[in-house]
Amino acid sequence: MMSAPAGDAIRLHDVTKSFRADRSLLRRMRGVPGTAPRAVLDGVSISVRRGEIFGLVGANGAGKTTLLKILSTVLLPDRGSVCIDGIDGLADPARVRTRLAVVPADERALFWRVNATENVRLFASLYGLVGQERDVAVQRALQLVGLGDVGRQQVGSFSSGMRQRTLIARALVTQPPILIMDEPTRSLDPVTARELRRFIRDVLCTQLGTTILLATHSTEEAMQLCDRAALLVRGRVVATDSLTTLQHSIGGARVRVRVDAFHEARARALLHLPVDVRTPAVDGMITLQATLPDIAHAPVMVEALVRAGVRVAEFGPVPLTLADLLDAVGAPSQVDDTVPHA
Amino acid sequence: MARAYSLSMLTYRTRTLVSLLSVLLAVIPVYFVAGALQPLAAGAIATESTEYFTYLIVGSVAAFVITEAVSAVPSLINSYITSGTLEQLLTTPIRWPALLSGLSVYGFGWVAMRALVLLVTAWIWATSMIAWSRMLEFTMVMALLGTAFMGVGLITGALVLLVRSTLFIPQAVGTLSALLGTVYFPSSVLPPAFAPFAAFVPTTDALRAARQILLRNAPLSAVMPELLSLVAWASGGLLVGSLIFHVALQHARRAGTLTQY
Chain A
103 MMSAPAGDAI RLHDVTKSFR ADRSLLRRMR GVPGTAPRAV LDGVSISVRR
153 GEIFGLVGAN GAGKTTLLKI LSTVLLPDRG SVCIDGIDGL ADPARVRTRL
203 AVVPADERAL FWRVNATENV RLFASLYGLV GQERDVAVQR ALQLVGLGDV
253 GRQQVGSFSS GMRQRTLIAR ALVTQPPILI MDEPTRSLDP VTARELRRFI
303 RDVLCTQLGT TILLATHSTE EAMQLCDRAA LLVRGRVVAT DSLTTLQHSI
353 GGARVRVRVD AFHEARARAL LHLPVDVRTP AVDGMITLQA TLPDIAHAPV
403 MVEALVRAGV RVAEFGPVPL TLADLLDAVG APSQVDDTVP HA
Chain B
1265 MARAYSLSML TYRTRTLVSL LSVLLAVIPV YFVAGALQPL AAGAIATEST
1315 EYFTYLIVGS VAAFVITEAV SAVPSLINSY ITSGTLEQLL TTPIRWPALL
1365 SGLSVYGFGW VAMRALVLLV TAWIWATSMI AWSRMLEFTM VMALLGTAFM
1415 GVGLITGALV LLVRSTLFIP QAVGTLSALL GTVYFPSSVL PPAFAPFAAF
1465 VPTTDALRAA RQILLRNAPL SAVMPELLSL VAWASGGLLV GSLIFHVALQ
1515 HARRAGTLTQ Y
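Heads up: the sequence lines are chains A and B, in that order. Quick note: the first sequence uses my numbering, first residue 103, plus one each step. Quick note: the second sequence uses my numbering, first residue 1265, plus one each step.
Among the hints, a few may not be true.
[Said to hold, decoys possible] Some, not all, of what chain A presents toward chain B, calculated at C-beta under 7 Å: (1) V176; (2) L177; (3) D208; (4) R215; (5) V216; (6) E220; (7) S344.
[Unchecked claim] Here are the simulated distance ranges between beta carbons: (8) B/S1452 <-> A/D194: 49 to 59 Å; (9) B/W1360 <-> A/E297: 35 to 45 Å; (10) A/G153 <-> B/P1361: 56 to 66 Å; (11) B/L1285 <-> A/E297: 41 to 51 Å; (12) B/R1518 <-> A/R197: 31 to 41 Å; (13) A/T389 <-> B/R1518: 28 to 38 Å; (14) A/G250 <-> B/M1488: 50 to 60 Å; (15) B/T1346 <-> A/V238: 44 to 54 Å; (16) B/S1397 <-> A/D194: 24 to 34 Å; (17) A/R197 <-> B/P1361: 17 to 27 Å; (18) A/G230 <-> B/S1397: 39 to 49 Å.
Derived by calculation from the structure, the hints in this document are not laboratory data. Just so you know, even glycine gets a beta-carbon here, dropped at the ideal spot from N, CA and C.
If we strip away everything but chain A, and leave its shape as in the complex, we get (with noise of 0.2 Å):
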């Protein structure tokens, strides 16, 4: 049995999945061309520490999914090793089931037709607690993610972001130290994601301490949430690290310029940008983005243009994208959707 050091909770090496691309029995017996195995995970080894939001960032299709699976003993690699909070998680499946829940993307998973509190009392009975105990953990739960007084109510007529509540409270009902969130505001509006940003961020970490496997494609999201993140391109991890680091290697900071019109020309020559292209004015302003060396040349660069007699009417960072971060490791923006999901 591999061992983890102290301050990993979760280790993977070398994970290696494929999956046939025709799942069909009569075209593999027939030999249909496409339907040999296709490589999902390729090698990936990645390292959680306790208490940390880590994030597995990605395009659709990357593999982010087939690896929580994985963790989540669902899924068999074809090759490598899983270590959760000490325990091989290949060889003892049933043991690492009791370290860590899962928060899923959808929430079909959930009993529609059933109130929140016999959801989640569901969840407390699979994992062994029963009677007082299961009820006050329950009930718990719930208070947590703020649908305690909701409980009654039948899960069908939640709105999308109380579902999502409900899947968590679900995970936290045994409070596992582990905790695996697929996408978790994927089919929130954006006031909601941002309260549960802050929840998982002030609550789930911050308060009780749970290490947190995050799997998103949202950059924004990795940023505001994760301690650190992997990014994962078509089954590989090609850099793995905090996301303020990612956003340096990808060359310097960008940033958007509102000037005025008439300066154009100047402004660009500022900025290092083309200046024998014209942008389209809108009430006398353009609206320009380039790629600053460091963040903490900003005010700098405000100083030149505005001495240089730039009108500037707003300077501020563009948010790191996916887009950019694959374009920065030279990976392709847009991904093979084709290979199959698990």
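Chain A is already provided as a structure; the job is to place chain B on it using the hints.
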């Protein structure tokens, strides 16, 4: 598991009511057809029942049990794979036998309810007796019959895990069981080519024992050979079914077919 699933199913109040009413309505033609055939059937069923109507009612109860046993597991697995619930349940420490047992409780409870409606209706209309005091033994026989066919249900569930299809096994088993297992007619009226196969269907033993107990008030000792045969069928079926399901589950974990696709 049983509680959550049952609560969920019981919210379909209209469907529940309609289902019970349909059982009641189905008894009406059975009653008249059985009455019309009574003179013809009396001789052939004499060892198990004096009245063809009660003979058919007990056969129908067995058909309910068999249908539930062979189709409950594959149907649940199919729908839970689609919703992602199966994966979620398998991330918890609970073992699959406990999981499937919990999920099956509601289905078999519902079968018991419909069977009771059938038997009470038969008791009201029938001219012959129903030995209510022997209900426990009758239930035990039906439980053994369900367990014997549960093996088929597990094998079909394994097929759903592997290829997402039951390959019509539940329908085939249901039809063969009805044809050969004395559900609606005794094996003596089967064509000579089929009659010998009736002995190799657990339904035949189960129904012989169930009818003897409930309609003839026969002691358990009188049906001991049938009971022993049923125990053998139930043990073997459950063992083989469990082994195949376990292997299929492991394969599905490798192939990724536990998930919706």
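Against the structure, the hints come out as follows:
1. Checking A/V176 against chain B: minimum C-beta separation of about 5 Å stays under 7 Å; hint holds.
2. Because the closest C-beta pair between A/L177 and chain B is about 6 Å apart, less than 7 Å, the hint holds.
3. Residue-level restraint check for A/D208 holds (minimum Cβ-Cβ distance to chain B is 5 Å; threshold 7 Å).
4. Nearest Cβ of chain B to the Cβ of A/R215: about 4 Å, under the 7 Å cut. The hint holds.
5. The beta carbon of A/V216 is positioned within 7 Å of a beta carbon in chain B (closest approach about 5 Å), and the interface hint is therefore held.
6. At about 6 Å, the closest approach between the beta carbon of A/E220 and any beta carbon in chain B falls short of 7 Å, and the interface hint on this residue holds.
7. The restraint placing A/S344 at the interface with chain B is violated, with a minimum CB-CB distance near 29 Å, outside the 7 Å limit.
8. Distance hint for B/S1452 and A/D194: a CB-CB separation of about 57 Å, consistent with the stated range 49 to 59 Å.
9. At roughly 37 Å, the beta carbons of B/W1360 and A/E297 sit within the given window of 35 to 45 Å.
10. Separation of A/G153 from B/P1361 is about 36 Å and departs from the stated range, judged on CB atoms against 56 to 66 Å.
11. Between B/L1285 and A/E297 the CB atoms are about 48 Å apart, so this pair conforms to the stated range of 41 to 51 Å.
12. Take B/R1518 and A/R197: their Cβ atoms lie about 20 Å apart, and the range 31 to 41 Å is violated.
13. At about 52 Å, the beta-carbon gap between A/T389 and B/R1518 misses the expected band of 28 to 38 Å.
14. Taken as a hint, the range 50 to 60 Å holds for the pair A/G250 and B/M1488, whose Cβ atoms sit roughly 58 Å apart.
15. In this structure the hint that B/T1346 and A/V238 lie 44 to 54 Å apart at CB is violated, the actual value being about 34 Å.
16. Between B/S1397 and A/D194 the beta carbons are some 51 Å apart, a value that contradicts the proposed interval 24 to 34 Å.
17. Between A/R197 and B/P1361 the beta carbons are some 18 Å apart, a value that agrees with the proposed interval 17 to 27 Å.
18. The given range of 39 to 49 Å is respected by A/G230 and B/S1397, whose C-beta atoms sit roughly 40 Å from each other.
Checked against the numbered hints above, the structure breaks hints 7, 10, 12, 13, 15, 16 and satisfies the rest.
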